[in-house]
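Protein sequence lines correspond, in order, to chains A and B. In this text, residue positions in the first sequence follow my numbering: the first is 1, and each later residue adds one. In this text, residue positions in the second sequence follow my numbering: the first is 1, and each later residue adds one.
Be aware that a few hints might be false.
[What the hints assert, rightly or not] Below 30 Å or equal to it, Euclidean Cα-Cα: the simulated BS3-like pairs (lysine-lysine) are:
1. K52/B x K68/B
2. K101/B x K56/B
3. K68/B x K101/B
4. K56/B x K68/B
5. K80/A x K101/B
6. K101/B x K79/A
Read the hints as simulated data drawn from the structure, not as lab findings.
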Amino acid sequence: SQTIHQWPATLVQPVGSPLSLECTVEGTSNPNLYWYRQAAGRGLQLLFYSVGIGQISSEVPQNLSASRPQDRQFILSSKKLLLSDSGFYLCAWSVQGTGVNGYTFGSGTRLTVV
Amino acid sequence: GNSVTQMEGPVTLSEEAFLTINCTYTATGYPSLFWYVQYPGEGLQLLLKATKADDKGSNKGFEATYRKETTSFHLEKGSVQVSDSAVYFCALSLPGGADYKLSFGAGTTVTVRA
Numbered sequence: 001s002q003t004i005h006q007w008p009a010t011l012v013q014p015v016g017s018p019l020s021l022e023c024t025v026e027g028t029s030n031p032n033l034y035w036y037r038q039a040a041g042r043g044l045q046l047l048f049y050s051v052g053i054g055q056i057s058s059e060v061p062q063n064l065s066a067s068r069p070q071d072r073q074f075i076l077s078s079k080k081l082l083l084s085d086s087g088f089y090l091c092a093w094s095v096q097g098t099g100v101n102g103y104t105f106g107s108g109t110r111l112t113v114v
Numbered sequence: 001g002n003s004v005t006q007m008e009g010p011v012t013l014s015e016e017a018f019l020t021i022n023c024t025y026t027a028t029g030y031p032s033l034f035w036y037v038q039y040p041g042e043g044l045q046l047l048l049k050a051t052k053a054d055d056k057g058s059n060k061g062f063e064a065t066y067r068k069e070t071t072s073f074h075l076e077k078g079s080v081q082v083s084d085s086a087v088y089f090c091a092l093s094l095p096g097g098a099d100y101k102l103s104f105g106a107g108t109t110v111t112v113r114a
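Model the full structure from these sequences, guided by the hints.
The following block contains the structure:
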């Protein structure tokens, strides 16, 4: 069966520090991968998605970047965090080429920038 | 473009009350429709889905029927429990192509009181 792992679960970082959040998927190959952010009390904002190794699409200009160095690994990074980067970050995956199964989400990373 | 409009929250109910969360959509094409649930501090879980008109998705006592004529996918539960307290997201996807994306509603926060 397929599983998605996301870590760390919680992170407190000072303003100006770097960030690296990792997401891996097991039990499938060539998935679509997604990074979402959920600010406190708000909806989901799609940040990045990827349809293959090295292929990254950015949805919203951000202080963030994403990379996909391996087929089932998706990394969210920042060189210098801002206070406004605080939020709940969710990774998700889906099967390519069909929309009938939706996404499977990871358990999320709670990031607090202080 | 494709979009989902959800009933504004928050919604507060007593245990055993009837719950309805309205969801309407706009899409070019023939979307699949989903309801996701997010329990406090967790990622999103797929609650139910429907892939064609008049399909009824159901899970954990929740139901939603795909109504093409009214472009709606309202979520209902006949008797809620305290454990149903969560944020509920309606979403749609249009299949086809390698990089399909889910369009999410803003989410509806539901609180059930004992």
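Taking the hints in turn, this is what the structure says about them:
With a C-alpha separation of about 8 Å, the suggested pair K52/B and K68/B falls inside the 30 Å cut-off, and the hint holds. Between K101/B and K56/B the CA atoms are separated by roughly 22 Å; this keeps the pair inside 30 Å, and the hint holds. Between K68/B and K101/B the CA atoms are separated by roughly 20 Å; this keeps the pair inside 30 Å, and the hint holds. For the given pair, K56/B sits about 12 Å from K68/B by alpha-carbon distance, which is consistent with the 30 Å threshold.
Of the pairs offered as hints, the one joining K80/A and K101/B holds, with about 29 Å between alpha carbons and a cut-off of 30 Å not exceeded. Distance check on the hinted pair: K101/B and K79/A sit about 27 Å apart at the alpha-carbon level, within 30 Å; holds.
Hint compliance for this structure: no hint is broken.
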